[in-house]
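So the protein sequences, as listed, match chains A and B.
Everything in the first sequence is counted per our numbering, starting at 1 for the first residue and increasing by one.
Everything in the second sequence is counted per our numbering, starting at 1 for the first residue and increasing by one.
Rather than coming from a laboratory, the hints here were simulated on the basis of the structure.
No residue lacks a Cβ here, since even glycine has one placed at the ideal position from N, Cα and C.
Hints should not be assumed to be uniformly reliable.
[Stated by the list, open to error] Anything over 10 angstroms on all C-beta distances counts as not near chain A; from chain B, calculated:
#1 E104
#2 G117
#3 E147
#4 G236
#5 S241
#6 A314
#7 P315
#8 Q425
[To be verified] Sample of chain A residues at the chain B side, in silico, Cβ under 7 angstroms:
#9 L29
#10 T30
#11 G31
#12 A34
#13 V35
#14 P37
#15 A135
#16 I138
#17 M142
#18 A221
#19 G223
#20 P224
#21 N225
#22 I240
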Amino acid sequence: MAPALALIGLFLVFPALWTIYLGMTDYRLTGLQAVDPSFVGLDNYGRILGDPAFWRSLRLTLVFVLVSGIIGQSLLGFAIAWALRRLTGWLKSLIETLVLAAWVIPASVSSFLWIALLDRRGGTLNEILGTEGTAWLIEHPMAAIIIFNVWVGTAFSMLLFSSALAAVPPSQLESARMAGAGGWQQLRDVVIPNIRGHILTNTLLITLWTFNTFTPYLVTAGGPNGASEILAVYIYNTAIPGGQLGVGAAISLIMLLINLVIALGYLRVGRARQAKPADATAAETAGGVVKPS
Amino acid sequence: MVTRRRILTATLASVTTLSLVAACGSGEGEGEGDGGAVTLTITANAISGGKNAAEADWIRDWVIPEFEAAQAEAGNDVTVEFLEEGVDDEDYKTKIALDLQSGEGADIIGIDGIWVGEFAEAGYIAPLSEVGGDAVESWEGWDQMSEAVQSAMSFEDQRYGVPQGADGRVLYYNKELFAQAGLPEDWQPTSWDEVLEAARSLSSLDGVVPIQLNAGTAMGEATTMQGLLPVLAGTGQEVYSEGMWNGDTQGLRDALGLYATIYGEELGDPILQQEAAGRDNSFAQFAAGEIGILLEGDYFWRSVINPDESIGTAPMANRDEVVGYTLIPAQSPGSGVEGRDFVSMGGGTGRVLNPNSEHPELAWELLAFMNSAEAYTERVAGTVSITPRDDVNAEVLASDPMLTFVSENVLPINSYRPGLAEYPQVSVALQEATAAVVDGTSPEDAAAAYEEALIGIVGEENVAAGS
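Excised from the complex, chain A in its bound form:
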């Protein structure tokens, strides 16, 4: 117990406290404040909350999480898992390998591939579409990093849902089919109630990862002029190239708090679900299956 606590203290509590302290100073990477930072209290927070760039970044992050994470990765991952559930043999392996490949390629490599694809001069996409000179990464930066992130991260949802689908009792599906339920009805009334826990876990993880991801920096660097500057990138740009380490720490703390809120929210939903366990699901299932449509 004691060593574990010491480790947590060293690697979790201390950095967190240190971040809180730094966030209340005007510490900078260079200049006088680098040697002799002074305590500025909550000034940084006032500045951040009054800065339109922060609110824009927060808004972009929410769009990014919602579209690329929750909708894109989860839905696409589920759709692939659903489509592949009865496939076997080489085709299934092929598709799974392709999706997984996007996940296992190092991000520095895959981001380079995407830049090469979308580049304004001689980019592959422009060659294919015959739209020479279109600067995709500048004209549609958010769309670019959203699609990029869906491409990178779908594999996780696919794997998770594949195993979840395999655990749906075949007997329930069988009786649903006997009762005349179509594919959509089976999905809605049998499968989803059975994998609700997986959906919750998957959404929680995807939300947190997408919220915190830094990889889009490698594709657009937050540009042009901040148009794709999601929070993690905004912090980096403020703290390191911008040199404002104190302000960066303050935004980090805000981001940490948002993370906590998200996690607590999901946990609450999870607990409410556990409070009235299996019978609720079973009832829904039963009710659903017999319901004619």
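Once you have looked at the hints, place chain B on chain A.
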């Protein structure tokens, strides 16, 4: 899975922070070899086959072997390593600052003169004589370098580094495109209007961007130095004068107005300003004959479009015939800073000693060696540049008419950036103002927003009352 992702992200972050780890790693623990063997390291934003290739080749192929041989002759076992970089100046600066902050870094570091103030205030670098010892003050090289040249690497009247040269800015133009548009090959505009007229004529040519005036934050200091500041100097306004910063002035509104005209009339390519590699792309486009007029420093002539393919990053085989250069006109004759008809900005890079060096005196020996007349003669043998040393300039400049032109006509009209620690932040605010104008904001609004940003950086008491 969670940890896996986290580790991946963390690794990435460090990889993107520019191979920081690698650079730190090689800086440490190599100094104390066995039997008195000593290792010194040099770093610069120069790389063979890429950015500033001539400097990189010179360090690797001449400085290092010659210095090692000289030391070996004196009975010292010295090894010199060169850590090459070839990235954007902003990224390089971040890496150097992080190196120095953590007490690491190469023994000799190439930096831009404009970083000296903020690095010195942070204690990352120290006056040369404090680091290198008495030998610094008695060095013969100082007598060969003018005050103006030395000031590029000084802060509060103390020398922090040895300057690497002097430079100036001009307008480059493509004579072939000018001929096609019916413009004179020997072009000498005397006002902004004449530049704009030429650009409008060029806009009749297909696939040609008439003028490239750097804007936006993606180009970093290149936007300020090869864009807004020379334009601003042409209005007679400076960013900093008489101990105060200038905010929303008529001069700034006029300068931003020029941006509004160029990008509003589509005489420039607004997208190029936002590309991550916009500046390099502008070089490539000029070299390919797709840009008519470009405001750049002499660096562009000697290191970018240099016909020698091992030196130029966008070599132009017919550079000497096709590329013209002319002084940057003030807004109108006589309207420039100090009543000048033509303006330019002077910068300057140099090399500092790392205060964390384990062998500071030997490092100074190496730095002095790199700045000896012999070393500079060798440095400019393949590609002439204006050196900081008068004795070398007198011998070598005559062989290159462009650099003679810069030395004789441009250097005397140079304005300089304020050597203050806040300047780099102010510079970013200036870049943001140009970005806003290119994006469609009115010059008045952008200038007002700049003043607000300026007050946030330097404090209200340091900003001159509005004009």
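Now the hints, each set against the structure:
1. E104: Given a closest Cβ separation of 15 angstroms, the condition holds.
2. G117: violated, 8 angstroms
3. E147: Non-interface label stands for E147/B: nearest chain A Cβ at 26 angstroms, farther than 10 angstroms.
4. G236: Check passes; 29 angstroms lies beyond 10 angstroms.
5. S241: holds, 22 angstroms
6. A314: Holds: least Cβ distance 13 angstroms, greater than 10 angstroms.
7. P315: holds, 18 angstroms
8. Q425: For Q425/B, whose nearest Cβ neighbour in chain A is about 8 angstroms away, the distance does not exceed 10 angstroms, so it is violated.
9. L29: Hint holds; L29/A Cβ to chain B Cβ min 5 angstroms, cut 7 angstroms.
10. T30: Because about 4 angstroms separates T30/A from the closest Cβ in chain B, which is inside the 7 angstroms limit, the hint holds.
11. G31: It holds, given that the least Cβ distance between G31/A and chain B is near 4 angstroms, below 7 angstroms.
12. A34: holds, 4 angstroms
13. V35: holds, 5 angstroms
14. P37: Nearest chain B Cβ about 11 angstroms off; hint violated.
15. A135: At 5 angstroms from the nearest chain B Cβ, A135/A passes the 7 angstroms test, so the hint holds.
16. I138: OK, holds: I138/A within 7 angstroms of chain B, min 5 angstroms.
17. M142: violated, 14 angstroms
18. A221: With Cβ-Cβ at 6 angstroms, under 7 angstroms, it holds.
19. G223: With a minimum Cβ separation of about 6 angstroms from chain B (threshold 7 angstroms), the hint on G223/A holds.
20. P224: holds, 3 angstroms
21. N225: holds, 5 angstroms
22. I240: Since the shortest Cβ distance to chain B is 6 angstroms, the answer is holds.
The structure fails to meet hints 2, 8, 14 and 17 from the earlier list, while all remaining hints are met.
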